[in-house]
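J.: Chains as they are written, first to last, in this note's numbering: chain C, 1 to 340; chain E, 1001 to 1340; chain D, 2001 to 2340.
Check each hint, because a few of them may be wrong.
Pairs of lysine-lysine, DSS-like flavour, derived with a Cα cap of 27 Å [unchecked claim]:
no. : chain 1 : residue 1 : chain 2 : residue 2
1   : C       : Lys328    : E       : Lys1328
2   : D       : Lys2262   : D       : Lys2315
3   : C       : Lys328    : C       : Lys315
4   : C       : Lys196    : E       : Lys1262
Between beta-carbon pairs, the in silico distance windows are [claimed, not checked]:
no. : chain 1 : residue 1 : chain 2 : residue 2 : range
5   : C       : Glu33     : D       : Gly2301   : 29 to 35 Å
6   : E       : Lys1298   : C       : Lys299    : 41 to 47 Å
7   : E       : Lys1298   : D       : Ser2302   : 27 to 33 Å
8   : E       : Lys1096   : D       : Asn2189   : 56 to 62 Å
9   : C       : Trp90     : D       : Thr2093   : 57 to 63 Å
10  : D       : Gly2193   : C       : Lys298    : 21 to 27 Å
Note that these hints are calculated values from the structure, not bench results.
Just so you know, even glycine gets a beta-carbon here, dropped at the ideal spot from N, CA and C.
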Amino acid sequence: MNIEYHLSDILNFLGAEASDAKDVLITGLASLENANRGDISFVANTRHAKSLAECNATAVIMPRGYENDYSGVCVFSKDPYLSYAKLSKWFDTAVKRPAGVHPTAILAGDATIGADVSLGPNVVIESEVLISDGCQIGANTFIGARSRVGANCLIESNVSIYHDVLIGDSVTIHSGAVIGSDGFGFAPNGEGGWQKIYQLGGVSIGDRVEIGACSTIDRGALDDTIIGDGVILDNHVMIAHNVRVGDNTAMAAFAGIAGSAKIGKNCFFAGDAACLGHLEVADNVQITARSYVTKSIKKSGSYSNGGLPLMESRKWRRNAVNFGKLAKIVKPVTDKELDG
Amino acid sequence: MNIEYHLSDILNFLGAEASDAKDVLITGLASLENANRGDISFVANTRHAKSLAECNATAVIMPRGYENDYSGVCVFSKDPYLSYAKLSKWFDTAVKRPAGVHPTAILAGDATIGADVSLGPNVVIESEVLISDGCQIGANTFIGARSRVGANCLIESNVSIYHDVLIGDSVTIHSGAVIGSDGFGFAPNGEGGWQKIYQLGGVSIGDRVEIGACSTIDRGALDDTIIGDGVILDNHVMIAHNVRVGDNTAMAAFAGIAGSAKIGKNCFFAGDAACLGHLEVADNVQITARSYVTKSIKKSGSYSNGGLPLMESRKWRRNAVNFGKLAKIVKPVTDKELDG
Amino acid sequence: MNIEYHLSDILNFLGAEASDAKDVLITGLASLENANRGDISFVANTRHAKSLAECNATAVIMPRGYENDYSGVCVFSKDPYLSYAKLSKWFDTAVKRPAGVHPTAILAGDATIGADVSLGPNVVIESEVLISDGCQIGANTFIGARSRVGANCLIESNVSIYHDVLIGDSVTIHSGAVIGSDGFGFAPNGEGGWQKIYQLGGVSIGDRVEIGACSTIDRGALDDTIIGDGVILDNHVMIAHNVRVGDNTAMAAFAGIAGSAKIGKNCFFAGDAACLGHLEVADNVQITARSYVTKSIKKSGSYSNGGLPLMESRKWRRNAVNFGKLAKIVKPVTDKELDG
Chain C
1 MNIEYHLSDI LNFLGAEASD AKDVLITGLA SLENANRGDI SFVANTRHAK SLAECNATAV
61 IMPRGYENDY SGVCVFSKDP YLSYAKLSKW FDTAVKRPAG VHPTAILAGD ATIGADVSLG
121 PNVVIESEVL ISDGCQIGAN TFIGARSRVG ANCLIESNVS IYHDVLIGDS VTIHSGAVIG
181 SDGFGFAPNG EGGWQKIYQL GGVSIGDRVE IGACSTIDRG ALDDTIIGDG VILDNHVMIA
241 HNVRVGDNTA MAAFAGIAGS AKIGKNCFFA GDAACLGHLE VADNVQITAR SYVTKSIKKS
301 GSYSNGGLPL MESRKWRRNA VNFGKLAKIV KPVTDKELDG
Chain E
1001 MNIEYHLSDI LNFLGAEASD AKDVLITGLA SLENANRGDI SFVANTRHAK SLAECNATAV
1061 IMPRGYENDY SGVCVFSKDP YLSYAKLSKW FDTAVKRPAG VHPTAILAGD ATIGADVSLG
1121 PNVVIESEVL ISDGCQIGAN TFIGARSRVG ANCLIESNVS IYHDVLIGDS VTIHSGAVIG
1181 SDGFGFAPNG EGGWQKIYQL GGVSIGDRVE IGACSTIDRG ALDDTIIGDG VILDNHVMIA
1241 HNVRVGDNTA MAAFAGIAGS AKIGKNCFFA GDAACLGHLE VADNVQITAR SYVTKSIKKS
1301 GSYSNGGLPL MESRKWRRNA VNFGKLAKIV KPVTDKELDG
Chain D
2001 MNIEYHLSDI LNFLGAEASD AKDVLITGLA SLENANRGDI SFVANTRHAK SLAECNATAV
2061 IMPRGYENDY SGVCVFSKDP YLSYAKLSKW FDTAVKRPAG VHPTAILAGD ATIGADVSLG
2121 PNVVIESEVL ISDGCQIGAN TFIGARSRVG ANCLIESNVS IYHDVLIGDS VTIHSGAVIG
2181 SDGFGFAPNG EGGWQKIYQL GGVSIGDRVE IGACSTIDRG ALDDTIIGDG VILDNHVMIA
2241 HNVRVGDNTA MAAFAGIAGS AKIGKNCFFA GDAACLGHLE VADNVQITAR SYVTKSIKKS
2301 GSYSNGGLPL MESRKWRRNA VNFGKLAKIV KPVTDKELDG
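All chains, full assembly: derive it from the sequences and hints.
T.: Next up, the structure:
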């Protein structure tokens, strides 16, 4: 694909000034190390600024103060990383599928499809579904009865959306994701087995949410599972039934939130971080990689219980075998303390 | 959807008595806090009984002894949570697809389809497959050659079932699940690479099993991977090749059982709990969240090796850096002890 | 299925000698314990050799020296496990779909399909895709624009491959896997929310790679995510954007490599092992189960930070509550040390 932009248009879009009035052509976006002539690059971190001298990019987005280190066009930004993020869309190579319903899509007669919607091959849309304007629905995706998808959503291929799921505007859902599957609800049946609890709630997802590949969000047992606006979920994330996730909270891969937990706004769950069920986590809480919330957190901050020092396995085992003696050498714990 | 039941029918179904002979109409099922007029609710835990006074439900399922706390109709049950679980099916809003083969389903000529089966759009059924009476197979699901699905199974959309998989009666499989994929079997090829070991076994799944979204059960290397009756698996569960899981065992999200492990009956693996390969776990064993079985367990009970106390990350790091000194301060471990 | 081979053909294929010139018929491949008359079996480990006396197999692949323990035909191999692995393909019961494009497959006019390719039902192939000779693409699989699949690949059902993904020869991809989904890239937007960073790189996968069910490999932010030749990934593996994985590295289920990490050749990540972002791991490194790389590893060897001793939960809690006192009893850590 041949992409070509006038630098002046980029400056307008970013609201940025340049060190040079020359309106060069920009044909790519690249990191400082890999940029070639024609590319625009960016100083993501001023620690990287020392490589500016060797950078081959035609233009570089940078904070003021580094213009002497670089011989190309300097594009000034107070937040070059954010400017790069905004500009990245101009260089996206993902196919924007044309509006229209593929002849193999299967559409219930009472579904409502907005304007400028693209329904890919083999898409299945059940009864009373609403797909709002500007949505793109990828091949082989299923959307169950009465679910509603807001405007300008991008739902990739092989996504499964069950019945009675509400999705806001500008939501992206990646392949393999499952929204609205049954929560893991079973009652002991008194005979050693399990009685399934039918999951009567739905899922409600806000605006500008991103849901990664193979992530799952279960429907609520009685009420809805709720994902706030601006929430971003990486791949393999698990949101159990009745969970509430506050606006703009981010969760990296393998993060898991157990049933009925309530996570605040602007939280960050690092990779493989988790929260046990029925707990509450305040706003602005960070859970570090592989840590998990074992009691409610009322105060913003960073919390951990995972991440011991990496060492040679033989050394690790020497230490680990002694873990079971901590109670003896540090402080014996009475039954009363443990249960208290 | 308008759901309306006579309380008398509910009492009959549950085999329960009520505090009041009036045959009210019930239009919903809700928690004590969220119930409105018309709803039936339940006391899941007697700790919640104090909210009975403010509960707006028309009827509440409860143990005897709380009737003075509540002004509506009391429905008496020794196990209100189980009664709720049983009753939940009456309020399920999932679409029951009508029997029939969707015109876009692709069906091998020698496949056998029972009575009252619903095959959704784009379902693909290979040669010699058997789908028994009363099954519902969701859109875009694939079922490979010679696999057999028992009666009254619900297989959701976008499920992948490989060849030679045996599934019992009344099994539910959620979207994105994969049954019968190759076990992770490779032999070092003597040249630094890997020789694939073709996985010749199948998968055998009992009756009344539930398999969550994006969970995977690999086929056996030589013999079958076996899942007992009544097993319930949450989302993102991994069952490796040759594993055997005993009847009624439950596994929460991200639980993983490595190759050839044998898990007993009525076990519970909490979220992210696991078992290493080739081990045996007795019946009635609980593995707590994020713990994993490192040696065979012969005695029922609850076991852990995960779940350190959550603390502020800075404090965590102060403690964690000292982990590598445990062997020194507690008890040095000799090479002989470590290998023994 | 009736499989029947002459032992002489098996000996030729393996380049092996037998203890007996009789050209028996072999009808199955089984473990020592489960083998019946007609089967060929193998001594995977000389610890198992003692069961040779009771083995009912017609022939057993074994190292020299055990022929007196066994009354059937001995097939001699220096590496019986590798011989078994090679031979396993002869007994594979997976359906080899005939070459041809299923009438329901949807193929862009400018896609290129090689010789002897099987495209299953509902396969969707976008513009400018290349599928090389001998590939089998399973039902309901999606392959996005400009992606290229090398020769003799097996891509199972319900796989999602995004645009601009390069796949080498003889690659196997299991159901539910997602290749080329967006990396988890977002910049804080200065208003408490997130600005998506469009992911402009692709994914490049070498030859002879195996990718397990429900595993995900994200596309790069600017450059490609790269998987070397001979890499084997189990189910539920997560490879984030810009990661590089060296040749022949193996990763078990739930392994996760965070963004921009560079993993060497011939490494092994056990189940649930992980690596934080932007780190480098040397060749020939093993990370044990549930451990994760917190700093770059420059020297080959086995490393751990997970795997504490399993104990009864009550005893575990007694020890775990003391973890927060390690810094006191072992060695106080100053702020300077922690930040240093």
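J.: Could you run down the list of hints and mark each one as holding or not?
T.: Going through the hints against the structure:
1. Of the pairs offered as hints, the one joining C/Lys328 and E/Lys1328 holds, with about 15 Å between alpha carbons and a cut-off of 27 Å not exceeded.
2. Taken as a hint, the D/Lys2262 and D/Lys2315 pair is broken in the structure, with Cα atoms around 39 Å apart against an allowance of 27 Å.
3. Simply put, C/Lys328 and C/Lys315 have alpha-carbon atoms about 22 Å apart, close enough for the 27 Å limit, and the pair holds.
4. The hinted pair formed by C/Lys196 and E/Lys1262 meets the criterion: a straight-line CA distance of about 25 Å does not exceed 27 Å.
5. Our hint of 29 to 35 Å for C/Glu33 and D/Gly2301 holds, since their Cβ atoms are close to 30 Å apart.
6. A hinted range of 41 to 47 Å holds for the C-beta pair E/Lys1298 and C/Lys299, which are about 44 Å apart.
7. Restraint check, E/Lys1298 to D/Ser2302: a C-beta distance of roughly 28 Å satisfies the suggested window 27 to 33 Å.
8. In this structure the hint that E/Lys1096 and D/Asn2189 lie 56 to 62 Å apart at CB is violated, the actual value being about 44 Å.
9. Hint check: C/Trp90 to D/Thr2093, Cβ distance near 51 Å, so the stated range 57 to 63 Å is violated.
10. Distance hint check: the CB atoms of D/Gly2193 and C/Lys298 are about 24 Å apart, consistent with the given range 21 to 27 Å.
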